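Hey, can you work out the whole structure from these sequences and the hints?
Taken in sequence, the protein lines are chains A and B.
To convert, note that position 103 of the first sequence is 103 in our numbering; the numbers rise steadily by one, no gaps.
To convert, note that position 8 of the second sequence is 8 in our numbering; the numbers rise steadily by one, no gaps.
To be clear, the hints were calculated from the coordinates, so they are not data collected in a lab.
Treat the numbers as computed from the prediction; the structure is a model and nothing was measured.
Think of the CB as a built atom: it goes at the ideal place given N, C-alpha and C, for glycine as much as any other residue.
Each hint should be verified, as a subset may be incorrect.
Said to hold, decoys possible - Pairwise CB distance ranges, derived in the manner of DEER restraints:
id : chain 1 : residue 1 : chain 2 : residue 2 : range
1  : A       : 82        : B       : 40        : 46 to 52 angstroms
2  : A       : 31        : B       : 86        : 19 to 25 angstroms
3  : B       : 117       : A       : 5         : 54 to 60 angstroms
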Amino acid sequence: MHSQETNVPVNADIDIVTARQKGRELARDLGFTSTDLALIATAISELARNIILYANSGEIVLSVVENGTRRGLKVIARDDGPGIPDIERALEEGFSTSRSLGLGLSGVRRLMDEFDIVSEVGNGTTVTVKKWRL
Amino acid sequence: MQVPILKQRDYLIASIQAALTDADLLQLRDALVSQVGTYRSRGVIVDVTALDVMDSFAVRTLRDLAHMIRLRGAETVIVGIQPEVSFAMVQLGLTLEGVSTALDLEEGLAYLDKKLRITAPPPVKKRG
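Take a look at the structure:
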């Protein structure tokens, strides 16, 4: 059951709510603490909002990952938007080109255990984050 | 999902019942800022007990709401931020600077009463 992926299309602000709720459900099934559930749901919310703000549409893909005996949640936020010209700068504390609070990607990185971003101008952005169970 | 707004004495109380979209949050902000004038309210309480996530957009909208309402001459208190939500907010660096908060609705009402020096109506005396 946990080997499958859950895809949440992100096209409107209601999808932000759906994505974080589905992520929270999956994380709860995995046995994360309520504190981690809040961190995970908040991270998904920020990632989904980035999709809406910068690319208009994309998707959030949720899945379970394993590393030896450890299990965790993987969240992929993928869009075909304009891409990020300067990833280093986008990851700077407080940097944001849009209307959000300017926490953006650096904030998401702090909420999760692993963070990876691939972006190419004109070819969209894929952010992959993981949270491991303690 | 629209947030019900109750009028009680000089206060408006908005109790968020379920997860809100960005549009819902903006609608709540605008409704409260407008109704403060309609009802000549002096205080506003926004109960966020039911929210299990307060991301950057939600926090910014609540902060804007409180500041806008202050410009309209009333005070706002955000009540019911859950422990996990407060932790996630701190981790993200989200603050509600310049916005009053209280543990729950009861504390929020007490805070406004004190701040605005409104005394509760005297209890009805029972005749023996």
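Evaluation of the provided hints:
1. A:82 - B:40: 46 to 52 angstroms: 48 angstroms, holds
2. A:31 - B:86: 19 to 25 angstroms: For residue 31 of chain A and residue 86 of chain B the Cβ distance comes to about 22 angstroms; the hint holds.
3. B:117 - A:5: 54 to 60 angstroms: 58 angstroms, holds
Consistency note: the structure conflicts with none of the earlier hints.
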